[in-house]
Amino acid sequence: MSLGIITIARQAESQGEALAERVAADLGYALVDRAHLERLIQSHGLTGRELDESDEEPGGPEAHPGDQVHVDYLQEALLDLAVKKDLVVLGRGAQILFRDCLWSLHVRVVASSATRRAMLQARQHVSDGEADALLAETDRQRAEWIRQHYGADWADPIQYDLTVRTDRLGIEEAAALIRLAAEQRRIGGHLAEIEAWIESGRAEGLPEPATGGPAFVHPSEAELAKVLNFYRIRWQYEPTSFPLAWNEAGQPTEAFTPDFYLPDLGLYLELTTLKQSLVTDKNRKVRRFRELYPNVHLKVFYGRDYRSLIHKYGLSLPAAPGPALPRDREVRSS
Amino acid sequence: MTSETLGEVLFSADRIASRIRELGEAISRDYAGRDLVLAGVLRGAAFFLVDLARALTIPAAVDFIAISSYGPSSKASGVVRIVKDLEEEIAGRDLLVVEDIVDTGLTLGYLLRILREREPASLKVCTLLDRSVRRIVDHPIAYRGFEVPDRFVVGYGLDYQQRYRSLPFIALLNPAG
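Line by line, the protein sequences are chains A and B.
Just so you know, we're using the numbering used here here: the first sequence kicks off at 499 and counts up by one.
Just so you know, we're using the numbering used here here: the second sequence kicks off at 838 and counts up by one.
Isolated chain A, as found in the complex (with noise of 0.2 Å):
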């Protein structure tokens, strides 16, 4: 029976990486631990540094400049591992990775601190306090880790749909409170969906991506596309048309159709050309759009306002006029 993908948050020594063993090993299931993605990144000549950069137990508070690819790097190994096996994840974020997927279950095991620190100092020793700090330090940084690339708290109940307590339920319960929660989610055999799921670039909440997706009319289309899903907005490509003309039948002959319509903004968005002609005929059609439906929230980027988006982010203008202009900032982009 496939099952598809659990993932496993875990409270420092809250036994969730046995708990995951277990789980994995009861139901056949590839375990996605440190030692699995150690393996895979060195078949891709990366090293253990990157992995510490791209663990939730960084080296350091200082995020890495260059990590980020890194993440991008673990994202891509993890959602390239969903789409062969049923897996079991523990750590790494893949809860916010796989949040939108339907095929999944999202787990946090926790623990009583007195529980934790006396697994803590079975293995070190350290006094009470100093065990409090420690755990109290590495889920620090598992939630600053989360945040940092994720932009999300770590401890959101809402985030996961079961979080078993392991030294009540010991590992036995806890794994078979999981097996349960799988099934009765039905999310096994799934595997084709989540590699469509995959494909559509819904993984981490994103919108359709800017290749592979819809065929755009114009290739800024798509830079602008690659913009919204950087800032992670949701967007849908030329969705309505609006009818600004009608013969005696009632049927439209003419209407406008907005490239880009932002669902959570409730805001359409519109890119000229740079041919003169056009932009005349789309600025009358325009204002017969705002008359016809002023209710509608439209956004139209005109020549200069358009040419100085594309080059605030550094993007390809095919056939641009004029002088180039310096790119924006680097670090500020708003």
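Be aware that a few hints might be false.
Claimed, not checked - Taking lysine-lysine pairs in the DSS-like style, the calculated list, with each CA pair at most 30 Å apart, reads:
(1) Lys797/A with Lys780/A
(2) Lys724/A with Lys783/A
(3) Lys961/B with Lys724/A
(4) Lys961/B with Lys797/A
(5) Lys724/A with Lys797/A
(6) Lys797/A with Lys783/A
(7) Lys921/B with Lys724/A
(8) Lys961/B with Lys921/B
(9) Lys724/A with Lys582/A
Hints listed in this document are in silico derivations from the structure and should not be mistaken for laboratory results.
Knowing the structure of chain A, use the given hints to seat chain B on it.
What follows is chain B alone, placed relative to chain A:
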């Protein structure tokens, strides 16, 4: 091909200082008796935040945040993220995001989304410059220094390839010709 050159000075050092005093008075009045945290968005807002903080007549915590920006080398799978997070806990406190410039609103939109999740008592925006002609995503701007045209500007924290930040005034930058 010549390199870019400084153009017209839009806002002199005196005019910037005067406007910041006005903003400081307004913020001090509005936040009197509250637990204010100023969150400067690196790197451009550093200069503005420092002067703004000194223009306040009320106590305020000062902190900084930085996030990644889109560029031509951004991977298709890349997404915006925090590069440097706030040190201050902001839950239940009054957070004022301090920007050097707001134009498309895309960066600010992301920032406000993630900061709102931390449940501050209030969340508002103060920007030195507002280039609203470029706005894609609208956000309420509680405090605004100056509206600027759709031209490239540098100085007083705003750079071009890490240059011009330290200028005491804000000027247009003429493109390379």
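So, going through the hints one by one against the coordinates:
1. Lys797/A with Lys780/A: holds (13 Å)
2. Lys724/A with Lys783/A: Answer holds: Lys724/A to Lys783/A is near 27 Å, not above 30 Å.
3. Lys961/B with Lys724/A: holds (28 Å)
4. Lys961/B with Lys797/A: holds (24 Å)
5. Lys724/A with Lys797/A: holds (18 Å)
6. Lys797/A with Lys783/A: Holds, at about 13 Å.
7. Lys921/B with Lys724/A: holds (23 Å)
8. Lys961/B with Lys921/B: Status holds; Cα separation ~20 Å.
9. Lys724/A with Lys582/A: holds (27 Å)
Checked against the numbered hints given earlier, the structure satisfies every one of them.
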